[in-house]
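There are 2 protein chains.
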Amino acid sequence: MFVRLTQQRLTTVCALALAACAPATESDPLPSWNDGAARTRIVEFVRQVTDSTLATFVPAPERIAVFDNDGTLWAEQPIYFQLAFALDRVHTMAPEHPEWSTQMPFSAILGDDREALAALTEHDIVEIVTVTHSGMTVDEFQTAVADWLATARHPRFDQPYTALAYQPMLELLDYLRANGFKTFIVSGGGIDFMRVFAEDVYGITSEQIIGSMGKLLFEIRDGEPVLVKQPGIDFIDDKEGKPIGIARIIGRRPIAAFGNSDGDLAMLQYTAAGPGAQLLAYIHHDDADREWAYDRESHIGRLDRGLDAAAERGWTVVSMKSDWRRVFGFE
Amino acid sequence: MFVRLTQQRLTTVCALALAACAPATESDPLPSWNDGAARTRIVEFVRQVTDSTLATFVPAPERIAVFDNDGTLWAEQPIYFQLAFALDRVHTMAPEHPEWSTQMPFSAILGDDREALAALTEHDIVEIVTVTHSGMTVDEFQTAVADWLATARHPRFDQPYTALAYQPMLELLDYLRANGFKTFIVSGGGIDFMRVFAEDVYGITSEQIIGSMGKLLFEIRDGEPVLVKQPGIDFIDDKEGKPIGIARIIGRRPIAAFGNSDGDLAMLQYTAAGPGAQLLAYIHHDDADREWAYDRESHIGRLDRGLDAAAERGWTVVSMKSDWRRVFGFE
Numbered sequence: 576m577f578v579r580l581t582q583q584r585l586t587t588v589c590a591l592a593l594a595a596c597a598p599a600t601e602s603d604p605l606p607s608w609n610d611g612a613a614r615t616r617i618v619e620f621v622r623q624v625t626d627s628t629l630a631t632f633v634p635a636p637e638r639i640a641v642f643d644n645d646g647t648l649w650a651e652q653p654i655y656f657q658l659a660f661a662l663d664r665v666h667t668m669a670p671e672h673p674e675w676s677t678q679m680p681f682s683a684i685l686g687d688d689r690e691a692l693a694a695l696t697e698h699d700i701v702e703i704v705t706v707t708h709s710g711m712t713v714d715e716f717q718t719a720v721a722d723w724l725a726t727a728r729h730p731r732f733d734q735p736y737t738a739l740a741y742q743p744m745l746e747l748l749d750y751l752r753a754n755g756f757k758t759f760i761v762s763g764g765g766i767d768f769m770r771v772f773a774e775d776v777y778g779i780t781s782e783q784i785i786g787s788m789g790k791l792l793f794e795i796r797d798g799e800p801v802l803v804k805q806p807g808i809d810f811i812d813d814k815e816g817k818p819i820g821i822a823r824i825i826g827r828r829p830i831a832a833f834g835n836s837d838g839d840l841a842m843l844q845y846t847a848a849g850p851g852a853q854l855l856a857y858i859h860h861d862d863a864d865r866e867w868a869y870d871r872e873s874h875i876g877r878l879d880r881g882l883d884a885a886a887e888r889g890w891t892v893v894s895m896k897s898d899w900r901r902v903f904g905f906e
Numbered sequence: 576m577f578v579r580l581t582q583q584r585l586t587t588v589c590a591l592a593l594a595a596c597a598p599a600t601e602s603d604p605l606p607s608w609n610d611g612a613a614r615t616r617i618v619e620f621v622r623q624v625t626d627s628t629l630a631t632f633v634p635a636p637e638r639i640a641v642f643d644n645d646g647t648l649w650a651e652q653p654i655y656f657q658l659a660f661a662l663d664r665v666h667t668m669a670p671e672h673p674e675w676s677t678q679m680p681f682s683a684i685l686g687d688d689r690e691a692l693a694a695l696t697e698h699d700i701v702e703i704v705t706v707t708h709s710g711m712t713v714d715e716f717q718t719a720v721a722d723w724l725a726t727a728r729h730p731r732f733d734q735p736y737t738a739l740a741y742q743p744m745l746e747l748l749d750y751l752r753a754n755g756f757k758t759f760i761v762s763g764g765g766i767d768f769m770r771v772f773a774e775d776v777y778g779i780t781s782e783q784i785i786g787s788m789g790k791l792l793f794e795i796r797d798g799e800p801v802l803v804k805q806p807g808i809d810f811i812d813d814k815e816g817k818p819i820g821i822a823r824i825i826g827r828r829p830i831a832a833f834g835n836s837d838g839d840l841a842m843l844q845y846t847a848a849g850p851g852a853q854l855l856a857y858i859h860h861d862d863a864d865r866e867w868a869y870d871r872e873s874h875i876g877r878l879d880r881g882l883d884a885a886a887e888r889g890w891t892v893v894s895m896k897s898d899w900r901r902v903f904g905f906e
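First to last, the protein sequences are chains A and B. In the working numbering, each residue's number is its place in the first sequence (first place is 1) plus 575. In the working numbering, each residue's number is its place in the second sequence (first place is 1) plus 575.
Bear in mind the hints are in silico, worked out from the structure with no lab data behind them. Be careful, since some hints might not be right.
Identical copies go unnamed one by one, so any copy, or any two together, can satisfy a pair.
Pairs of lysine to any residue, SDA-like flavour, derived with a Cα cap of 20 Å [unchecked claim]:
1) Lys896 with Gln805
2) Lys790 with Thr712
3) Lys814 with Phe793
4) Lys790 with Ile811
5) Lys896 with Asp722
6) Lys790 with Arg827
7) Lys896 with Gly710
8) Lys790 with Asp714
9) Lys814 with Val892
10) Lys896 with Gly798
11) Lys790 with Glu702
12) Lys814 with Val801
13) Lys814 with Trp723
14) Lys790 with Gly807
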């Protein structure tokens, strides 16, 4: 085919010019990573799959790296940030819902009743998420998320939530992409929520984000087609859902996978079952001073079976305390 | 961030070298398209969105083009090719299913009973697809599809099915990608089926394919995780399902959409509702000599409401007979 031939010829003609423009290799692409086993493993893996003289070389289209989001790319304490959005959203929506002032769980949120909030059941949370995440178009929902991200502050750090992206992971995403990788988010979080900030914060475009999905309805309103977010969940991108989401949306097994909880274990197992060089890594929250310290007993981001699997199988465990020179960009 | 700065500097330094390597504009990227309204509209649209001096310019990450598959990128007569695979697969699987010899609809397939085959109900077809598309891992299924594609021949043209991709559309895909577009398939066909050939035939990578999806189960078998295709459908990527699939998987409204049937109408409407320059097009099967002629009355690929919408809204209708110099590459 004509265009293909043209591009092939151009490739040859321009190889020299492009080679001269390759990034200078002596610069440090991972300045927020301390020297140590994790950093060494990352750099070694990238060399293994990008050096075309090695048997472990992987062609660029197959260089797929997947990342959990909450607790892996940004923080997830004291509550998942999407839940913080939902709670704030209940306040914003309250004037249209006078009945909420006496109706649990909304009354607890509106009255800032800490005790009642701490006792919220899973059923309560589903109700809160349903009310704040359905009954509007996708565009309307994303405008609400963008407005919230622009003003809300994290309670501990008094920073915008997006500032709680981990600086070493931002560098890692850039480093992998500079080495021909496609970087995907594979998160239990809502896909419409993440797409509002992931491109700006992580440099990950909308079609490389996999997340949980609510039901959608296609409707013609006043002659214009709109997509309306419905109550009810169509796909939960967590645990066994993660490899399923990867198989469906990426359609190719990753060669690198990063997570921080047991919810990521199936994704790491699925990645590990492929052939060739792989990078499997858990981010371990062990730095209560700069971030938080939690693993086997935590309600949020529990990492228990995953720690055992990592030890058994020789996966990389990234210590936030010792492997990361800097945790957040604002430090 | 470090890598971003580096890339920015490189962009400046290398701009001249790269500009010198840009494809020669005087060559014809669409040699199988006759001069005419359709071709003119395509070329004009690409100029509108890629010329940064125009108000209609669209940045590259937003240049999303979506294509139906059956009847738009390759032929769909006398039966959908995926159904041809399923029928052949029944023959392949028959030795393990002696009961099929007396059991409809399988007995009709195995006995090549044309009359009974022509009378297959939707329920029969669901049963045939279920039996041939579930109960194996995704990898096993895709091996079966690859084996079939390597040997099966189209009954009219005596060519491999993949040779029935439309040459003008292959050129169009290349042309759009050479102009910074991402090209997505958005098809009612099965996603696991299309991924076997779409990369080779269309140059479309697995993560840019949206299709109908069966249920998947994640299982650990002999210590290895596998994804097993289950009976039952999770998502039908047809009609209103197409904009829903686009919203979920691409997360961004396309600026160009190509279809050939009423099943693509919602996708074209959804694309048309966006701002700025757009290319909306129907491929019209009006060439019984070189391909087939069918539209408003056809069981396969019915184009009825879509033709009306195209006339009303000024969408492009591509006549296979007059707009295409060549239909198939083997001609």
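query: Of the hints given before, which are not true for this structure?
result: 1, 5, 7, 10, 13
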